[in-house]
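**Q** Top line first, the protein sequences correspond to chains A and B. The first sequence begins at 1 in full-length UniProt numbering and counts up by one. The second sequence begins at 1 in full-length UniProt numbering and counts up by one.
Quick caveat, the hints were computed from the structure, so don't treat them as lab data. Note that the structure is a prediction, hence the values are computed from the model and not measured. Here a beta-carbon is modelled for each residue, glycine too, at the ideal position from N, C-alpha and C. Take every hint as true, because none was put in to throw you off.
Take a look, some chain A residues computed to stay more than 12 angstroms from chain B by CB distance:
id, residue
1, A47
2, N54
3, S60
4, A64
5, P86
6, A91
7, H99
8, E107
9, K153
Simulated coverage check for chain A against chain B, where a stretch passes if three residues somewhere in it have a Cβ under 8 angstroms from a Cβ of chain B:
id, segment
10, 34-41
11, 126-133
12, 166-174
13, 195-203
Label-pair ranges, simulated between beta-carbon atoms:
id, chain 1, residue 1, chain 2, residue 2, range
14, B, E143, A, P86, 41 to 49 angstroms
15, B, H147, A, R125, 41 to 49 angstroms
16, B, A79, A, S136, 36 to 44 angstroms
Protein chains: 2
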Amino acid sequence: MTGRIGHAPKGLSRIQERNRSRIIEGGLAEFSRFGYSGTTIEKIAVATGMSKSNLLYYFSSKAAIYEAVLAHILDVWLAPLRGLDPEKDPATELAAYIHQKIKMSAELPEASRLFANEVLQGAPRIQRVMEEDLKSLVDEKSEVIRHWIRAGKLEAIDPVQLIFTIWAMTQHYADFQTQIQILTGKTLDDPDFRQEAETTVTRLILRGCGLELKDGTGQGDAL
Amino acid sequence: MTGRIGHAPKGLSRIQERNRSRIIEGGLAEFSRFGYSGTTIEKIAVATGMSKSNLLYYFSSKAAIYEAVLAHILDVWLAPLRGLDPEKDPATELAAYIHQKIKMSAELPEASRLFANEVLQGAPRIQRVMEEDLKSLVDEKSEVIRHWIRAGKLEAIDPVQLIFTIWAMTQHYADFQTQIQILTGKTLDDPDFRQEAETTVTRLILRGCGLELKDGTGQGDAL
DNA sequence: TGAAGACTTGACCAAACGGTCAAGATGATA
DNA sequence: TATCATCTTGACCGTTTGGTCAAGTCTTCA
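With the sequences and hints as input, model every part of the structure.
**A** Following this line, the structure appears as structure tokens:
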């Protein structure tokens, strides 16, 4: 009863750190599959190998787990866009951005699906984050794209529309994985399919902006 | 007790027809907003102005309502792709297809979100439909695209990837409406924004395929 | 070693939910 | 108007679910 945890970010014991991580991991798996309402604390407990009561020792409620999961993946999910560098040339940067986004869809499809689920339902729990952090990030990167356009490095195109279409195409591979697998038998786990997806998206975006990519494949992996 | 309804498609009374429609309509609104698990029969009842018991008079279970909703929108949702005509030229046809898909996302965003929700969760209830009807439709239309490519009317591109990217971009405006509204303050309800979206998507797709659109705007509305 | 906290759990509770049922209201038909 | 099938509803039931609690186990450290 004395061991109040609440939302203290400081002084997590080894056990707390480990168990909170496990819960967030299991929560991500369940929430991304079944949505918020379709997920029960009990199912997360089973997924993590812990008891339901113990989950509620570390998080005060189901909603608290959900929010922790969301917060945990938000930064990593937005990282690629943050990396868009106005000093480099747009073809390289856009191709790299698409590469990163495809990579995220391949390696963290659950994160993509969780966001999709959340936004689909009106983003009731991350509205504030979107209105503040995401909005300012998108505004900032829109300005980068406008900078390229003003510099004559890029054809005129609405920056926000450009960002939306990149999001749409890349995340589609994670969000609609089931459909894609049914129709093609493949997912982004298949290296050939993944390369084909990346090539297609890159081609559409770059050409749509009047750009050309020098090197056909094999972009660097570094952020 | 004698008035068995079950799944008899024949001989629906006027009242039955009206009430089943209302339930499907209300069900679409609720299921698309909150997902299957997040929707309660009671909420659908309130939305339709009927009692919970009465809903269960017309449909044997919540799952039955859900399936009726799904079935109801499936045909109309796939209609645009069915219209892809191999005899006409690809630029016109692809532009028309994108136009239709944007139109659907604008006018039936709930249908788009319902499908997105369903697929996101592994398509547990429409897997068969996708494996059979959708797969054969996509196969057929992929062949149309390949036909264009063989005839030299279209650059070489993977037909399935092309279809996926069109789906991704157009449906994104419905599925992520909340996000788009937060970031731009607009939705497809805004005529200017809708035109901008359609122009952007059309431009990316056509250029990506090495095509040009003669007429900039104002495509016909007819199917 | 032993005490004080941190950690874990099973039993339990109230609310919400899907679904049943019997009884009443309404509409069609003669 | 009388009759019967259709339609509608409130009361009710069993299950599931989020969350509480008291009691027990394990860690840590003097």
